[in-house]
Amino acid sequence: EPEVTQTPSHQVTQMGQEVILRCVPISNHLYFYWYRQILGQKVEFLVSFYNNEISEKSEIFDDQFSVERPDGSNFTLKIRSTKLEDSAMYFCASSAFVTVIQETQYFGPGTRLLVL
Amino acid sequence: AQTVTQSQPEMSVQEAETVTLSCTYDTSESNYYLFWYKQPPSRQMILVIRQEAYKQQNATENRFSVNFQKAAKSFSLKISDSQLGDTAMYFCAYGGATNKLIFGTGTLLAVQP
Numbered sequence: 003e004p005e006v007t008q009t010p011s012h013q014v015t016q017m018g019q020e021v022i023l024r025c026v027p028i029s030n031h032l033y034f035y036w037y038r039q040i041l042g043q044k045v046e047f048l049v050s051f052y053n054n055e056i057s058e059k060s061e062i063f064d065d066q067f068s069v070e071r072p073d074g075s076n077f078t079l080k081i082r083s084t085k086l087e088d089s090a091m092y093f094c095a096s097s098a099f100v101t102v103i104q105e106t107q108y109f110g111p112g113t114r115l116l117v118l
Numbered sequence: 008a009q010t011v012t013q014s015q016p017e018m019s020v021q022e023a024e025t026v027t028l029s030c031t032y033d034t035s036e037s038n039y040y041l042f043w044y045k046q047p048p049s050r051q052m053i054l055v056i057r058q059e060a061y062k063q064q065n066a067t068e069n070r071f072s073v074n075f076q077k078a079a080k081s082f083s084l085k086i087s088d089s090q091l092g093d094t095a096m097y098f099c100a101y102g103g104a105t106n107k108l109i110f111g112t113g114t115l116l117a118v119q120p
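Chains A and B supply the protein sequences, listed in that same order. Counting from 3, one number per residue, gives the positions in the first sequence under our numbering. Counting from 8, one number per residue, gives the positions in the second sequence under our numbering.
Any given hint could turn out to be false.
[Said to hold, decoys possible] With a straight-line cut-off of 20 Å between C-alpha atoms, the simulated DMTMM-like cross-links for lysine to aspartate or glutamate are:
1. K59(A) with E105(A)
2. K44(A) with D88(B)
3. K62(B) with E105(A)
It should be emphasised that the hints constitute simulated quantities derived from the structure, not laboratory data. Only a predicted model underlies this, so the values are computations on that prediction, with no experimental measurement involved.
Model the full structure from these sequences, guided by the hints.
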């Protein structure tokens, strides 16, 4: 069964460093998402991406964040200058399409980011 | 704005018993989906079941079923014949006209042997 994959599974970085989190969505899916989950808290939406552009972003997704689909398979989240509060689990998700309402999103296993 | 509320932070159930997890939501939209995701200790998010709001029939997936009460904006998850592998955090989520899922705060379910 097709699944969303994410690399790396864990990343430790120093405050102020740039990190890139990578995702390979399910191959025939058209919509891609990033969510984050701070330890012990609920999952929060960051950004959605369709047709090579951001379709929606949350207040969390400020100028230090960016997303890109550099080729036909990868979808990346870049954090330019990490802060301690960026420590979280980052989930990538994809869905086949969005009609009038939300289609099912399938999640990857997550990347655990720790900022020191 | 849409909200999702899970009022049970933790629950416990004996193996082979049945347990129901509660979820309520608030929305002004008429068309939407509701989901239950499971997050085991590995922290991966696994889809358990989904319900389309326009369908009156409650969704079922093997031992998992929902009680969807649209007028009351309630969406509970019933797990029958609980197994040790069901131990996890369970999140209720709403998906509507926007592209994002809105999650509740989760219910930590412990299945006791």
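Consistency of the hints with the structure:
Note on K59(A) and E105(A): the hinted pairing holds, with a Cα-Cα distance of about 18 Å set against a maximum of 20 Å. Between K44(A) and D88(B) the CA atoms are separated by roughly 27 Å; this puts the pair beyond 20 Å, and the hint is violated. Proposed proximity of K62(B) and E105(A) is supported: the alpha carbons are some 15 Å apart, at most 20 Å.
When held up to the earlier numbered hints, the structure conflicts with hint 2 and nothing else.
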